[in-house]
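Number of protein chains: 2
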Amino acid sequence: METLQRTRVMSGTRPTGRLHVGHLVGALGQWVELQSTSEVFFEIADIHAFTTGFEDPQHIRDSREELVLDWLAAGVDPLQATLFLQSGVPEISELHTLLSMIVPLSWLQRVPTFKDQIEALGADISTYGFLGYPLLQLCDIAVFRASKVPVGKDQLSHLELGREVVRRFNHLYGPTLVEPDAILSEFPAVPGTDGRKMSKSYHNTIDLADDEETTRKKIRSAVTDPKKVRRNDPGEPEICPVFALHHLCNDARVPWIRDHCRTGELGCVDCKTELAETMNAWLRPVRERRASFDRATIDRIITDGTDRARIIAADTVRDVKRAMKLL
Amino acid sequence: METLQRTRVMSGTRPTGRLHVGHLVGALGQWVELQSTSEVFFEIADIHAFTTGFEDPQHIRDSREELVLDWLAAGVDPLQATLFLQSGVPEISELHTLLSMIVPLSWLQRVPTFKDQIEALGADISTYGFLGYPLLQLCDIAVFRASKVPVGKDQLSHLELGREVVRRFNHLYGPTLVEPDAILSEFPAVPGTDGRKMSKSYHNTIDLADDEETTRKKIRSAVTDPKKVRRNDPGEPEICPVFALHHLCNDARVPWIRDHCRTGELGCVDCKTELAETMNAWLRPVRERRASFDRATIDRIITDGTDRARIIAADTVRDVKRAMKLL
Chain A
1 METLQRTRVM SGTRPTGRLH VGHLVGALGQ WVELQSTSEV FFEIADIHAF
51 TTGFEDPQHI RDSREELVLD WLAAGVDPLQ ATLFLQSGVP EISELHTLLS
101 MIVPLSWLQR VPTFKDQIEA LGADISTYGF LGYPLLQLCD IAVFRASKVP
151 VGKDQLSHLE LGREVVRRFN HLYGPTLVEP DAILSEFPAV PGTDGRKMSK
201 SYHNTIDLAD DEETTRKKIR SAVTDPKKVR RNDPGEPEIC PVFALHHLCN
251 DARVPWIRDH CRTGELGCVD CKTELAETMN AWLRPVRERR ASFDRATIDR
301 IITDGTDRAR IIAADTVRDV KRAMKLL
Chain B
1001 METLQRTRVM SGTRPTGRLH VGHLVGALGQ WVELQSTSEV FFEIADIHAF
1051 TTGFEDPQHI RDSREELVLD WLAAGVDPLQ ATLFLQSGVP EISELHTLLS
1101 MIVPLSWLQR VPTFKDQIEA LGADISTYGF LGYPLLQLCD IAVFRASKVP
1151 VGKDQLSHLE LGREVVRRFN HLYGPTLVEP DAILSEFPAV PGTDGRKMSK
1201 SYHNTIDLAD DEETTRKKIR SAVTDPKKVR RNDPGEPEIC PVFALHHLCN
1251 DARVPWIRDH CRTGELGCVD CKTELAETMN AWLRPVRERR ASFDRATIDR
1301 IITDGTDRAR IIAADTVRDV KRAMKLL
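Protein chains in written order, with the working numbering: chain A, 1 to 327; chain B, 1001 to 1327.
Only chain A is shown next, with the shape it has when bound in the complex (with noise of 0.2 Å):
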């Protein structure tokens, strides 16, 4: 009998936080999609939240429960995606020391992501780890041999990276890794609440773990049109984040809010209330499916995929191992 061989794909999260409705509807999304099409392989990357969180472990260990019970709010299935954690597949680290042999510092050096982040967010973040951060990322990628990889435009320069150096291994050593492709995913922008883009750096997020009421809270408290001071003036739904959040909930009334907030007969208070309300009931489904998984569950869902990781990992590194005749 003939094996029908699904692609496989590999994506990750560094556990630094909750996740929000930006996340929802762009990689979350596609994960949900991925998943009954591909065999894939999704990454709790607790060691990558070292290269900036490398103080606050506590943090980081907090985070990675919920950010699975964030998953699995979205509909990430543990019976079709491998969840995995990536401190518990030491493999991943193993082959990050071994390909560190063969990678020019060069490379590491000119990714536009490591002197942008450095100015960003300071010297301090300048670690041997932080500079690598783009081949761990391969090497995830790579201990799965999965081929295909959705990745946003920032993040490409590291995909491209990633197949240099398996070219470069295969080249030395003879073909044994899987040069991985890009599922290049542009998802529409969702602004946070103070209109610029939706990001748990400028606490502007709506979470997925938010209650109703924190969710209406946040929403009363949203930047609108700054011209539309009183309840009749004439608003412009094109710049105000409250109308651009009406899109993902309430699609079927947006033509009647746009016109009725350009014309300044619904005041922002109400398209508030009305966006509170629909954003909950959209969200309602996604908060109870969060509330329904127990520590417990959520424990052994993390041991079986790690489980199951290492197996597949376990094997590419021996033969990675092989090919370097290490063993």
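Note that these hints are calculated values from the structure, not bench results. Treat the hints loosely; a few may be bogus.
Below, in silico cross-link-like pairs of lysine-lysine (BS3-like), each with a Cα-Cα straight-line distance of 25 Å or less [as the list claims (entries may be wrong)]:
#1 A:K200 - A:K115
#2 A:K153 - A:K200
#3 A:K197 - A:K218
#4 B:K1115 - B:K1197
#5 A:K325 - B:K1200
#6 B:K1115 - A:K115
#7 B:K1218 - B:K1153
#8 B:K1218 - B:K1115
#9 A:K200 - B:K1325
Since the structure of chain A is provided, determine the placement of chain B on it from the hints.
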């Protein structure tokens, strides 16, 4: 009953070629002394060998057993010492990836050997792993919680960096790792057959694995005082490597040789013949020991030592991960 805890000592060698008499009177002599007073771990540093030799893994592979044979020939006792393969203890690589997250890039960039070697060997050597060399060395040591490390003056900066990494780890995550102290060892310089320091890279060595005829040939073609052209010319023994080598294996005759070289009564051919015979006699027990081990025994010594090493290494990495709240 109280147990007397012996000092734990760690050292290692990269499998990049055969050992020579310079090693025998240097590091290897010290190892043999240390094994009877301390708990010693001697590493076949095969991953480290990739920093300079990644293009020729077969050479590293072939050098592995030769290296252990040289150790055993010199008197290293596998019943007293743990001889292990670096790549066979993946916990070292895992620790390397974990610690990479807390090591500032600048610490590695300022290690003098980093810039020196790039100047000496060219930019090709400048890989990510090469930059991390001193960190991987620290992992070799720290994974066994060794408190003493024999080092030459040129490696002191590596150990100092390693101590800094340990202090930083213990400061960030609580006391976990042992700060290793140097056993600073300066051995008498042994000249090679061309008068420069005996070193594999100069092709001027007398190897433990050489047979007696090869030893004779190498000594016959050795450089002597260039002003002593004919037999009866007076020589200057202090600048002659052949004279210096007599000290290793023919010490009692050194005064006589010095005097008769100076007067011109001793010719270089006779002097070399005497050196070759005493050198071979001195090395005979070493070479006989070398020949007494078969391949299967060597394999078993490495396997047993690596198994023993892994037990201790796994224990340390477990503590490290617990301190980093990864478990």
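Here is how each hint holds up against the structure:
1. A:K200 - A:K115: Roughly 22 Å separates the two Cα atoms, so the pair holds.
2. A:K153 - A:K200: With Cα atoms ~19 Å apart, K153 of chain A and K200 of chain A stay inside 25 Å; holds.
3. A:K197 - A:K218: The hint holds at about 15 Å.
4. B:K1115 - B:K1197: Answer holds: K1115 of chain B to K1197 of chain B is near 22 Å, not above 25 Å.
5. A:K325 - B:K1200: 23 Å, holds
6. B:K1115 - A:K115: Given that 25 Å is the threshold and the Cα spacing comes to 22 Å, the pair holds.
7. B:K1218 - B:K1153: 30 Å, violated
8. B:K1218 - B:K1115: Since the Cα atoms of K1218 of chain B and K1115 of chain B sit roughly 34 Å apart, the hinted pair is violated (cutoff 25 Å).
9. A:K200 - B:K1325: 23 Å, holds
Checked against the numbered hints above, the structure breaks hints 7, 8 and satisfies the rest.
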